[in-house]
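**Student:** Using the sequences and the hints, build the whole thing.
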Amino acid sequence: MAAPSVNISVESAIEHQIQEVRYDGQEIYVAPLSMSENLSKLAHKIDFYKDESEEKGKPTSEGEKESDEEKVLAPFQPSLWPWDSVRNKLKAAYTEISVLYDVLNIVKEKHYMVTDPVNQDGPELKAPLQMLAKKRSLVAAAHILSNGAERLKRVQNEMASVTQENFLMELLKLRKNWRLKKVHNTILGELSYKSAGSRFWQGGTFEVLKTSDLAAEGEIVPRKSSLDVIIPSELEGVAYILVEVKSVVSDLMNITSATLKMPSSLGPVSADTYWQLKLETAQNVLFCKELFAQLAREAVQIKKASTPHMVVGNQILTNVFPGVQLSIVLCHHTGKEKKVNLSSEKLEHNHVLEHSLHQLLREVHDRNLKCSAPHPVNAMLGMTRKRRLAGPRAMSRQELMEMGENESLLEQILKQTKHAVLRIRSMHVIDQMAVSIQDPQLCAHWSCLNSSLESSVRVSVTSYGYESIRTSLVLTIGIDLIRVVMKDGRVCTLSFEETELRDLLQWQICQHHTHSIQHLAKVQGWQVLSGIVSSGFGDMEAYGTTSNVLMASPRSNVIVSFHSNPVSGSKLWVKKVEPSIETHHSPAVTANKWASLSGEFQEVNLQLLEGRNLVGKIDMLMARLSLS
Amino acid sequence: MNKDTTQAELIFQSIHLIQKLRHDVGQVFKDLSDGISEYIEEPAEKDENDGGSNKDVSKDKAATQDQKDTTGPSHEKSEEHHEKHRAILKTLKKSLETISHDFSDLEKTGANIGPVQMFSNIDNLSLDPVDKNTVTHSQLLQSYKWTNKMHELSDQAVTILGQNTLKRTQSPKFTNVKKLKGNTLSAWVAPQQTVDQCLSVLNQDHPGSNFTWSRPLGGCAALQIEIGKTLKAVVVLRGLTIEWVKIKGFDETFKTDDGQIDIWSSSRYQVFQKLTHHAEAASLHYYAPTKPDLAIKSFVMWLHGFSNLFSVPCQKCGKYLQNNMPPTWRDYRNRKPFHDVCRM
Amino acid sequence: MGVSCVYMYPVPEGRSGAHVVEVLQKQVETIGGVKMGSFVVDCESYLSIMLSVSKTLQILHNTEYPASCFAVLDSGATLVADTLFNGLLSHLKAYYQARKGSKIESKGNRYQLADFVIKIGSVTLSGSFKGILVEVEYCPSVIASECWNLMKELLQSLIGNIAESPPPSLKMKMDEIYTPAMTMLQYLEHFNNFRKAAAVSQPPR
Numbered sequence: 001m002a003a004p005s006v007n008i009s010v011e012s013a014i015e016h017q018i019q020e021v022r023y024d025g026q027e028i029y030v031a032p033l034s035m036s037e038n039l040s041k042l043a044h045k046i047d048f049y050k051d052e053s054e055e056k057g058k059p060t061s062e063g064e065k066e067s068d069e070e071k072v073l074a075p076f077q078p079s080l081w082p083w084d085s086v087r088n089k090l091k092a093a094y095t096e097i098s099v100l101y102d103v104l105n106i107v108k109e110k111h112y113m114v115t116d117p118v119n120q121d122g123p124e125l126k127a128p129l130q131m132l133a134k135k136r137s138l139v140a141a142a143h144i145l146s147n148g149a150e151r152l153k154r155v156q157n158e159m160a161s162v163t164q165e166n167f168l169m170e171l172l173k174l175r176k177n178w179r180l181k182k183v184h185n186t187i188l189g190e191l192s193y194k195s196a197g198s199r200f201w202q203g204g205t206f207e208v209l210k211t212s213d214l215a216a217e218g219e220i221v222p223r224k225s226s227l228d229v230i231i232p233s234e235l236e237g238v239a240y241i242l243v244e245v246k247s248v249v250s251d252l253m254n255i256t257s258a259t260l261k262m263p264s265s266l267g268p269v270s271a272d273t274y275w276q277l278k279l280e281t282a283q284n285v286l287f288c289k290e291l292f293a294q295l296a297r298e299a300v301q302i303k304k305a306s307t308p309h310m311v312v313g314n315q316i317l318t319n320v321f322p323g324v325q326l327s328i329v330l331c332h333h334t335g336k337e338k339k340v341n342l343s344s345e346k347l348e349h350n351h352v353l354e355h356s357l358h359q360l361l362r363e364v365h366d367r368n369l370k371c372s373a374p375h376p377v378n379a380m381l382g383m384t385r386k387r388r389l390a391g392p393r394a395m396s397r398q399e400l401m402e403m404g405e406n407e408s409l410l411e412q413i414l415k416q417t418k419h420a421v422l423r424i425r426s427m428h429v430i431d432q433m434a435v436s437i438q439d440p441q442l443c444a445h446w447s448c449l450n451s452s453l454e455s456s457v458r459v460s461v462t463s464y465g466y467e468s469i470r471t472s473l474v475l476t477i478g479i480d481l482i483r484v485v486m487k488d489g490r491v492c493t494l495s496f497e498e499t500e501l502r503d504l505l506q507w508q509i510c511q512h513h514t515h516s517i518q519h520l521a522k523v524q525g526w527q528v529l530s531g532i533v534s535s536g537f538g539d540m541e542a543y544g545t546t547s548n549v550l551m552a553s554p555r556s557n558v559i560v561s562f563h564s565n566p567v568s569g570s571k572l573w574v575k576k577v578e579p580s581i582e583t584h585h586s587p588a589v590t591a592n593k594w595a596s597l598s599g600e601f602q603e604v605n606l607q608l609l610e611g612r613n614l615v616g617k618i619d620m621l622m623a624r625l626s627l628s
Numbered sequence: 001m002n003k004d005t006t007q008a009e010l011i012f013q014s015i016h017l018i019q020k021l022r023h024d025v026g027q028v029f030k031d032l033s034d035g036i037s038e039y040i041e042e043p044a045e046k047d048e049n050d051g052g053s054n055k056d057v058s059k060d061k062a063a064t065q066d067q068k069d070t071t072g073p074s075h076e077k078s079e080e081h082h083e084k085h086r087a088i089l090k091t092l093k094k095s096l097e098t099i100s101h102d103f104s105d106l107e108k109t110g111a112n113i114g115p116v117q118m119f120s121n122i123d124n125l126s127l128d129p130v131d132k133n134t135v136t137h138s139q140l141l142q143s144y145k146w147t148n149k150m151h152e153l154s155d156q157a158v159t160i161l162g163q164n165t166l167k168r169t170q171s172p173k174f175t176n177v178k179k180l181k182g183n184t185l186s187a188w189v190a191p192q193q194t195v196d197q198c199l200s201v202l203n204q205d206h207p208g209s210n211f212t213w214s215r216p217l218g219g220c221a222a223l224q225i226e227i228g229k230t231l232k233a234v235v236v237l238r239g240l241t242i243e244w245v246k247i248k249g250f251d252e253t254f255k256t257d258d259g260q261i262d263i264w265s266s267s268r269y270q271v272f273q274k275l276t277h278h279a280e281a282a283s284l285h286y287y288a289p290t291k292p293d294l295a296i297k298s299f300v301m302w303l304h305g306f307s308n309l310f311s312v313p314c315q316k317c318g319k320y321l322q323n324n325m326p327p328t329w330r331d332y333r334n335r336k337p338f339h340d341v342c343r344m
Numbered sequence: 001m002g003v004s005c006v007y008m009y010p011v012p013e014g015r016s017g018a019h020v021v022e023v024l025q026k027q028v029e030t031i032g033g034v035k036m037g038s039f040v041v042d043c044e045s046y047l048s049i050m051l052s053v054s055k056t057l058q059i060l061h062n063t064e065y066p067a068s069c070f071a072v073l074d075s076g077a078t079l080v081a082d083t084l085f086n087g088l089l090s091h092l093k094a095y096y097q098a099r100k101g102s103k104i105e106s107k108g109n110r111y112q113l114a115d116f117v118i119k120i121g122s123v124t125l126s127g128s129f130k131g132i133l134v135e136v137e138y139c140p141s142v143i144a145s146e147c148w149n150l151m152k153e154l155l156q157s158l159i160g161n162i163a164e165s166p167p168p169s170l171k172m173k174m175d176e177i178y179t180p181a182m183t184m185l186q187y188l189e190h191f192n193n194f195r196k197a198a199a200v201s202q203p204p205r
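Line order of the protein sequences matches chains Z, H and G. Going by full-length UniProt numbering, 95 is the number at position 95 of the first sequence; the sequence numbering is gapless. Going by full-length UniProt numbering, 328 is the number at position 328 of the second sequence; the sequence numbering is gapless. Going by full-length UniProt numbering, 91 is the number at position 91 of the third sequence; the sequence numbering is gapless.
One or more hints might be untrue.
The calculated SDA-like cross-link candidates involving lysine to any residue, where the alpha carbons are at most 20 Å apart (straight line), are [to be verified]:
#, chain 1, residue 1, chain 2, residue 2
1, Z, Lys289, Z, Asp228
2, G, Lys35, G, Thr63
3, Z, Lys522, H, Asn308
4, H, Lys255, Z, Arg367
5, Z, Lys522, H, His285
6, G, Lys152, H, Asn308
7, Z, Lys571, Z, Asp439
8, Z, Lys487, H, His285
Just so you know, the hints here were simulated from the structure itself, not pulled from any lab data.
**Tutor:** This is the structure:
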């Protein structure tokens, strides 16, 4: 009855004579016959159940004789007791259980017996036999594995061949990216941005179909996927928003250009494209439609613009600056239209502005969706956190007004366009001037950061060889004006006209000349008598004002006057206050008559002076004149 | 000059001696080729001549003349061959002696001529017979002297000008290249550690103001400065050069609603809009690409001058308000407050 | 938000309040002020009924802070709350009750002059004119002691020597960061003065 895993040998505390060795190696010792044990042994011999067993004819394990008697009685009773054998076996089992119970009890009460494990060596196996056994079991395992693999392969093959399975897989994939629902027997999907915050009226419901249904009709077309989607007809095709910034010669807006233009790269979607691509294109069509609808609505609503925005068919036209117009066209190509030959006209699509348009609408969506929960719960819905705290924080009227500001998409894109146009314009002006003007060098440093509405550039004017004299200014290019801050803190605000910037830069160059000369005067010990950066004195010029400087040599016998004007250029006059006795031959003074100059100022031909640039020439002249 | 002339005389003398030597040698060879027949009566006369013409060059010349005169009557005593032979040998001996004498003379004068300065190849020019008539050599010599002098003077000028602080350029072409090497471009590409270090030093230097900086877009540090309880400024740095300045009031913020830094929006107050313009101008003034840390330091110092924006009167007019504005200008040098219209 | 100073401008004998207000407005316009709407500051008193010693709770509103409601206790403790606080007060009828005819308000034009906001308000207590309050706010600054001299210059050009020293309730808090509640306390002080004056001048009723 011992469990096969744990072998318990019951033995007496003091080793004694072995009574029995079982087949599993268990040894049963004869208990030492102490007084109490003897008593118990003797007690065991007493049959306590004798009376009962006699009545029922039940044998005990100990009473061998009684069982013999029963055997004698047995032939008489088989007909009477059909369950006799069963009963006997149960009885025997019962007896054994009882004995086991007693043994266990004795073992448990450690007064009489102590059990301890006997280590026994496992049965020694012969090596070849063992190997054979292992081999056999391995073969069995391999067989099971290969069987399984076979089955998997078969399943795989089935999956590939049976469209039903494939369809479900595809559906699962579709479900991961798109919203689907089941209505009766059809599966409907939603591709609109409504769940992402869009409030556009047009829905984007599509139907999911199994291609095997179609194939059953007759023609067998090898398809890439077993799932197909049916997109509503109004969302078919390809669409995009064409943003163009055009400079028009006349003020007349070119309405005829609102024809459909489709770049070759964006062809129509063929019928058997993968559903993912199909859905994405349809979603894009919907998005573009929403964007255009929004812009068109705003264009009609906004009345405050100086020139009204025009909405013609699929085109919105607005004036950015005089002569520059922005056109936003919804290009929706369904593939059914007639082919329009576009090769003659080049598309001037502004990708940056298109991107910002998309971004703006997405921001609107995001704002629609992101609505913080009311706090406290009975408060108004849709208040932002900032607005909620406005009361307790006692926000002023102005701050609240700023918070409530909400600009329309069209206004925002118009601002961005204005800035973009203005930025490119000023970039052109500065670059052109830097290339064309050699004498003072123009150097523009564009800021590494700029927003869509503001950017800044630092322009510095230097002369070659005199780099420590620097005239620098910051241009902050805003939406439709340029703010110029000069080194001395003066601020100029320029409009969008590029000539204004050009004039200003030219004026700055003139100022640079006079500044450099004043600086030279400091270095060479001359005395600056007057320095005016923009004097009204002088001849009438087409534009710009003259900068002039007047200075005296250290010995104050020579006076030099310098004028710089953006139109008439730079001029230099020299005057000798007292005629000097000694004659000199300066390379700058070409004739002897200059030596005895007196009274009137005489003009010096700057072009004939030696030197790399204007400042260098004057530097040299001053150096020479300070000695005379 | 005097020395030069004596030199020239000596040279002239030695040239003369050389001529004489050549003549004497020529005479010896001539005598030898003539043989016995022509020399009869010579020895006696020769003896006399030789005795007298040893020292003086001019007499020597006369002696040779005499010799030619005496060649005429040589046939008169032709019998005495032995005598003749002896005489010829004697004459030869005499003339050889003259040669050696003249040669030693030449050597003596030659030794007196001072060594001529070496002008490398230019010396050879003088030897060229074609150029003898041109003046190239002397001109070259003169220009050489000029350049030498100019070099000396320009060296002195450099040292004097080097002490002059009013330089006209910082271009490396005109200044010491070695000095500028290494920090020419550092203003724009200063590593972040350098910028951080510079800014933390600034933070310590100005206890009244609070500096924080972040890099929202990577490389460019956006520095936020709070000056007292008066104003807040944001300064965008590219490396260590100032790119963008914005000033706002103390109660305004540089954060957008979603907590990101906003460097674009302007202050709603006119005072700070004006200050922003002034700060932009100051960023142009405090611009030193060679010393970027100094530039930013002085800019921050200047900005710090606005801590008393509302509490000090204008230095010029003595008033607080002008056009309803406080003195919004601080002088670049001494940071004294002025109104925008009072500073000129 | 900026530092505000509120002063009472006395109405000379024999001249109507409206006339004085008009003169002041003209003066502001001559120094360059631009009219930007109007403003109202109102104040209502609530008396506690339950307590043995009656305490007052003043509720003020200011159109400059349209989203807020200011509640001030006798001690000067101020609560700045949402406008929903008004609704809450109607629920507290059992504890605080509005005093009849205590509603006092200052109403007038609001002028903007660079960064200054100038408000000239005529004070009415239960419908009758009581006096003139002039408020000058300098928005960019938040510390009263810093910009006091600057404000004094403008104030004196406007209302003369009345603005010799900062308003008494502001004097203690010159170096603190200015809050809108401080403006309301100044108004409250003036309103209380007007109320007292009204009580003295009309004792029989």
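**Student:** Compare the structure with each hint and give your call.
**Tutor:** Cross-check of the supplied hints:
no.	hint	in the structure
1	Lys289(Z) to Asp228(Z)	24 Å, violated
2	Lys35(G) to Thr63(G)	15 Å, holds
3	Lys522(Z) to Asn308(H)	34 Å, violated
4	Lys255(H) to Arg367(Z)	18 Å, holds
5	Lys522(Z) to His285(H)	19 Å, holds
6	Lys152(G) to Asn308(H)	16 Å, holds
7	Lys571(Z) to Asp439(Z)	15 Å, holds
8	Lys487(Z) to His285(H)	6 Å, holds
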